[in-house]
Every structure is written in C-alpha cells, then in structure tokens.
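Trainee: Residue numbers (this note's numbering), protein chains in the order written: chain A, 1 to 476; chain B, 1 to 221.
Note that these hints are calculated values from the structure, not bench results. Careful, some of the hints might be misleading.
Said to hold, decoys possible - Which bits of chain B does chain A cover? Going by a derived footprint, with three or more residues having C-beta under 8 Å, they are: (1) 56 to 70; (2) 91 to 104; (3) 157 to 165; (4) 170 to 177.
Said to hold, decoys possible - Sample of chain B residues with no beta-carbon within 10 Å of chain A, all distances over it, derived: (5) Gly-4; (6) Ile-18; (7) Asn-75; (8) Arg-76; (9) Thr-77; (10) Lys-81; (11) Arg-82; (12) Tyr-84; (13) Glu-85; (14) Glu-108; (15) Glu-194.
Yeah, the Cβ is synthetic: ideal placement off N, Cα and C, and Gly gets one too.
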Amino acid sequence: MTQAVPQGKLYESQKLALWYFWVALALFGAQVLFGLLAAWQYLDPNFLYGKLNFVTNRMLHINAMIVWLLLGFMGGVYWFLPLELGREVVGIRLARFAFFTLIAAVGIVVLVYLLVQYGPGNAFTLWFITEGREYIEAPRWADFGIVAVMTVFLYNVVATALKAKRITGVVAVLMFDLVALAGLYTAGMHYTPNISMDQYFWWWVVHLWVEATWEVLVGSIMAMALMHLLGTPRRIVETWLYLEVALVFGTGILGLGHHYFWIGTPEYWLGLGGFFSALEPIPLVAMVVHAVYDAGVHRMQTVNQPALFWAIAQAFGNFIGAGVWGFMQTLPQINLYSHGTQLAPAHGHLAFFGAYVTAILTVIYMALHQVRRPELPRFDSKLWKWAFVLMVVSIFGMSAAMTVAGFTQTMVERAIGGSTWQAYIDAQQHPWFQNGMVWRFVFGVFFLVSYLVLLWDVATIGKGEAKVPKEVGAHD
Amino acid sequence: MEIGWIETTIGALFATVILTLWLSRGSGWLEPRFWRNAAVVSSLIMTGILVYLTIDSLNQIREGSARVPAYTVINRTIGLKRDYEKRRDIPVIGEEVGFFGKIWSEEEAYALVNKGKMTLQSRNCMDCHTLLGNGAYFAPDLTRAWLDPKWETMVKGMTGKATKEEAMAEWLQHPNRYPTFVRRMPNLGLTEEEAKALVAFLKWMSAIDTNGFPDRFAGAQ
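Just chain A, same shape as in the assembly (with noise of 0.2 Å):
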C-alpha cells in the first residue's frame, strides 16, 4: 500500500506544502507592514487619517498574522504526514483546490478590508464586509470557507492514517486536535447584542482555538520535525506530546476563566481563572527543559543549524511570551489595573511569535534542505544567524517597549486615574509610554529589516554552495 518515494524526490504533499509556505511568507509579510503602519499612526496620528485609519491597519495586522500562522502549520503537516505514515497524502487534489480557494478567499477579505473598510449596522456588513469582532473580523461568507477548508485538512489527515493502516501517536493527537480546531471557530460564528454572551464565545475562538488547539497542533508538528532534525526516539518525542496535551488542555480549557473576569460573568471565574491559568506555563517550562537538553546532546550541532536554532527558540519564546508575560498579568488581582493595557499586546507579540512563527520557521528550513540539497551533510549559510538575532532581538525589543508603555497605564490610567477618558489620555501623553511607542516602532523598524534578510536567505540557502568535495584527481 505504501508509495515509497526515490530519495531525493518530493511527495505531491509536499509539493504543495511548498505552496503553503511561501503564501505563509508572503503574508507574514504584510503583517509586519500593516503593523508597522499602525505603530506609526502612535506617533503621528495624522498619518493617512481618514484614508487608511488605524482602525483598518490593525484589522489587516492581526488578520494576516492568524492566516499566515494557519497557512504554516498546514503546510507543516502536509511537509511531515507522508514521511510519518509512509505514503502519499490522500486526496491531494482536494487539499489543492482547498490550498486556491483559501487564497482567493483572503484576496478577496482584504480588498474589501482596505477599499470598502465598513459599512452600515445591519446584517449585510456581518456578512459581506467585517464582523467586526477583533480577531474574528472575517465577514462570515469567509467563516464558512474557513471551517471548510479545516475540514478538508481533517478529512485528509484521517484519511491518509486509515490507508496507510498505520495511526501513530503523534497522528492520533493531531486527529483529535483537528476536530477541536474546525469545531471551536464555529462558537465565533454567531451574532447577538448581548455584549457579555458575545465575549463568552469570543474567548472560545481567541483563547481555547489560539491557545489551546493551536500549541497543540504546534506541538505535534514539533514532534514530528524533533525526529527528523534529532533523530529523538519516537517512544521519547511521543511521551512528551502526550504529557504536554494532558498539560495544555488540563490547565488550558478552565485556564480560560481568566478571561472571565470582568465580562460580566459569575465570580467563581476570578479563583478558577487565576489558578488554571498560574499553572497555564508548566507545560512550557517543561519544553524548555527538554529543548535544553536535546541540544545538549548533540552539541547544538545538527544536519540543518538553522531549523535547530529556530527549534530552541520555540522552547524559549513559547515559555516567556505565552509562560512568562502572560502570567505576569494572569492574576485578577494585578489583572483589575493591567487589564486592556500595552501589556496586552507586548504579551501578545511575544507569545505569537516565541510559539508560532519559530515552530514555522523550523519547519521551512527542514523543507529547503530536502528541497534544495538533500545530498549536503550541512544545511548552513551566513545569512540566517543575522536574521535569527535580529528577529529575536526586535521582538524582544517591541515586547519590551510596550511593557514599559503598558506598565505606565497600569499606574497612570488604571490605578490612579479611575480609567476615564481624560486619565487614558493622561497615560497616552505620559513620558514612559510615549517613549515606548517611539522604541516599539524603531524595533518594529528592525523587525521588517530582519523580515527581510530571512526572506531573502530563505530565498537563497543552499543554492549556489560548494558542491560536496570530490576527491581530489576524480574525472567526471
């Protein structure tokens, strides 16, 4: 039954997974320029007002980030599924014609998002233009499209197990994290004035989907690439997943009560919230640990240096972004001031990228070592140690700033001002925050800078090396 592919040779999977990356890329791109644009519009609010408002370039920052991110990981298990269960991925022009619809979809949401921008209160712009439901902006025509398109990735990862008679740990755990992840956008799908009800739903898609089936998938497709960069046993690689979903979902599913604090919902969600979500880092911690010491083990040395970096950099980012700035302010008793402050998104910038975009990264340097040079015993090249410090230092740099901006909120709006209009104001114009947004905006600066020099060692890795030393005096 299985379709053994000639070293050397690509599955049609991975083809195509080939096609998710680069739209990925693309599109990460465009993040970091709607971001950029909007960290601008901090500093001089007249920048493009009334054409192209911050309202929208903030709207098309975050979408692009969620697409990209969901274009990776497909990818990602479309690169490693074949090579996990020995066989071509079954319905491969399905997953084609998904791969085309989705990106025609998104097309067609962002020109309207940047030429059409609103429209009037009623159903037909729910539908149409935005939901206007931070995150979950994507008019609902595109919220159909999007549970398709999962459900197609379901079906295509079930189905390919069942041919291949051979349903591995690590297959079993993405199996079920797929079910929860086409079924928990659909709690997003739904309008109704009721603002508190609307939040208790909205936090199912932004924290149990982003949360919670996202570091699983990412852990799963860790899993896969640890056996493959490493070779780690998949007794030992297939442990860990299991501790870490038994972790993840154990204090991640009520962990979602801190989010529940001031909603408008009971208070046994403050002592439940505030619990499961201290505990919300172990599983992190633990990766780090385990990263820590794979690396150990083989003297930071690997066939492919830059997935290895890129890999230990997951451990640390998810485990101080999502660990770290995230329970810094996961308390309801810190939370009652720093709630809806820079902290947020400094939190925000860290774990998004600490978990996500270094899990993808990974991912696409392992693929351009099969693609490009699979007979080089070395994957290396100059150009990605620059951008590997440079990204990791301005994300670094943008968290920090808005920590600073985010702390003088906490004390100038929310702690001392009574959160009025005039006290956020008053916070806006404070020193420290102003000089945050200015540093934010220069790290974000250097950000699209390293964006830059990975796109193009991306483009060039492994192209135009030495070939492997003949012997010397070999003829041709």
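Starting from the known structure of chain A, arrange chain B on it as the hints suggest.
Mentor: Coordinates of chain B only, in the frame set by chain A:
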C-alpha cells in the same frame, strides 16, 4: 446556584489524578501509556467542567439577569457605588428618566441596543477601543463610557446640545469636527439613527456588573 471555585479546582485535579492512575495500572509514570491516559482524562474532565459552568454562566449573564440588566435600563439613571464589603464598584440603577426624551418599551429598547451592537461591529470599534477591557489600545476603554465625566464637562459644551445623549450622538457622527486629543477618531459615517443606537448600547453596557472593573471608575464613591 453558588459554585465554590476551590472545591471545583480541587475536585477537578483530584479526579484527573485518580482516574489517570487507575486507568494506567501496571505502567510506570515514564511510559507513553501513562501520559496518553493523562492527556485523555484531563481533556475530558476539564471539558466537562467547562460545559457545566458554561450553562450556569449563560444563565447568569442573560439580559435581564442580576449581572446583565434588561435593555430597558436605558430609560433609567445609572451610577456606580462602592461595595465596601466586597471592595469593588457595583452599578446602581436608579429612577426612570427617559432616553432621548422618551420612555422606550421593551421591544423598542431591544431594537435600539441591537442596532447599536450592529453599528459597533460594522465600524470595527474594537480595533481601536477596548470594550470590557478587550480590543485594541489606540483609543479609550468604553466599558463605562456612558458614565464618563467628559461628556458633561467638555462634549456638551462643544456640541451645544442640552442632554448627554444628544451630545454623544452628535459627537459620534462628527468626531473629526470635535477633537479631544491629538489622536482624533475618524468620521465613520454614522447616521443619526446609528449614533443614537450606539449611545443606547454604551449606556446599557455601563450597567453590566463587571466584578469591579475598571476599579474606582471616575473615583466612584
């Protein structure tokens, strides 16, 4: 119904550990089987609790409940009062004063607040403002916007309107005409009807019991 969070937490963790240990009899704690069981058990138990608490929460946040007021609250005065025992501010709903010069029936109030919510979503308010603390941070938090002193002290004078609701509706239709800060809200083309509905939504939202967030809004006594 009162659910103690400590009992729920201890119960959930205890049940997860016991059930995992029982299902994994005969295998060591470093074996894949042990952690596979732990993953399945913890996911199922936590999901079960979430579903149970969701049913309870939804009952408590239905419009017209003690925590989330009925839409007709727009006809009444709304204020904040310090609850010194719980050490947090709670909304107080006072006498009937009308809204835009009339008393709105249940259906009318629903229609108005509903229109306000649709308007809020159609203009992506959450990508600049925060509502109940969630959203973007480019513009002020709107959780208690109706109770903000600035409408009375500044915007009423700017717009020359007699009541707070009229001043707010006028300001929302022409935010670019009445600058209040270096960052100006863009004109998002709100019609008069949409602006009125949005004010109704903001007034209704300010009466939700948010467990004391934001603390001491406008120095609530």
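Trainee: Would you assess whether Glu-108 (chain B), listed as outside the interface, keeps its beta-carbon beyond 10 Å of every beta-carbon in chain A?
Mentor: Holds: least Cβ distance 13 Å, greater than 10 Å.
Trainee: Holds or violated: is the Cβ of Gly-4 (chain B) farther than 10 Å from all Cβ atoms of chain A?
Mentor: violated (7 Å)
Trainee: Ile-18 (chain B) clear of chain A by more than 10 Å, beta carbon to beta carbon?
Mentor: holds (14 Å)
Trainee: If we take the beta carbon of Arg-82 (chain B), is the closest beta carbon in chain A still more than 10 Å away?
Mentor: At roughly 12 Å from the nearest Cβ of chain A, Arg-82 (chain B) sits farther out than 10 Å, so the non-interface label holds.
Trainee: Check the non-interface label on Glu-194 (chain B): least C-beta distance to chain A beyond 10 Å or not.
Mentor: Non-interface label on Glu-194 (chain B) violated, nearest chain A Cβ at 5 Å vs cutoff 10 Å.
Trainee: State whether the coverage of the stretch 157 to 165 of chain B by chain A holds or is violated, taking the criterion as 3 or more residues with Cβ-Cβ distances under 8 Å.
Mentor: It is violated, with 0 qualifying residues against the three required.
Trainee: Once the closest CB in chain A is found, is it more than 10 Å from Asn-75 (chain B)?
Mentor: With a cut-off of 10 Å, Asn-75 (chain B) remains clear of chain A, as the shortest Cβ separation is near 17 Å.
Trainee: Does the stretch 91 to 104 of chain B contain three or more residues whose Cβ lies closer than 8 Å to a Cβ of chain A?
Mentor: violated (count 0)
Trainee: Counting residues of the stretch 170 to 177 of chain B that have a beta-carbon nearer than 8 Å to any beta-carbon of chain A, does the count reach 3?
Mentor: It is violated: at least three residues are needed, and the stretch 170 to 177 of chain B offers just 1 whose Cβ sits closer than 8 Å to chain A.
Trainee: Checking a non-interface call: every C-beta of chain A should be farther than 10 Å from the C-beta of Glu-85 (chain B). Is that right?
Mentor: holds (13 Å)
Trainee: Checking the smallest CB distance to chain A, is Thr-77 (chain B) really beyond 10 Å?
Mentor: holds (19 Å)
Trainee: Since Arg-76 (chain B) was said not to touch the interface, does its Cβ keep a gap of more than 10 Å from each Cβ of chain A?
Mentor: Answer for Arg-76 (chain B): holds, closest chain A Cβ roughly 18 Å.
Hints 2, 3, 4, 5 and 15, counting from the list given before, are not met by this structure.
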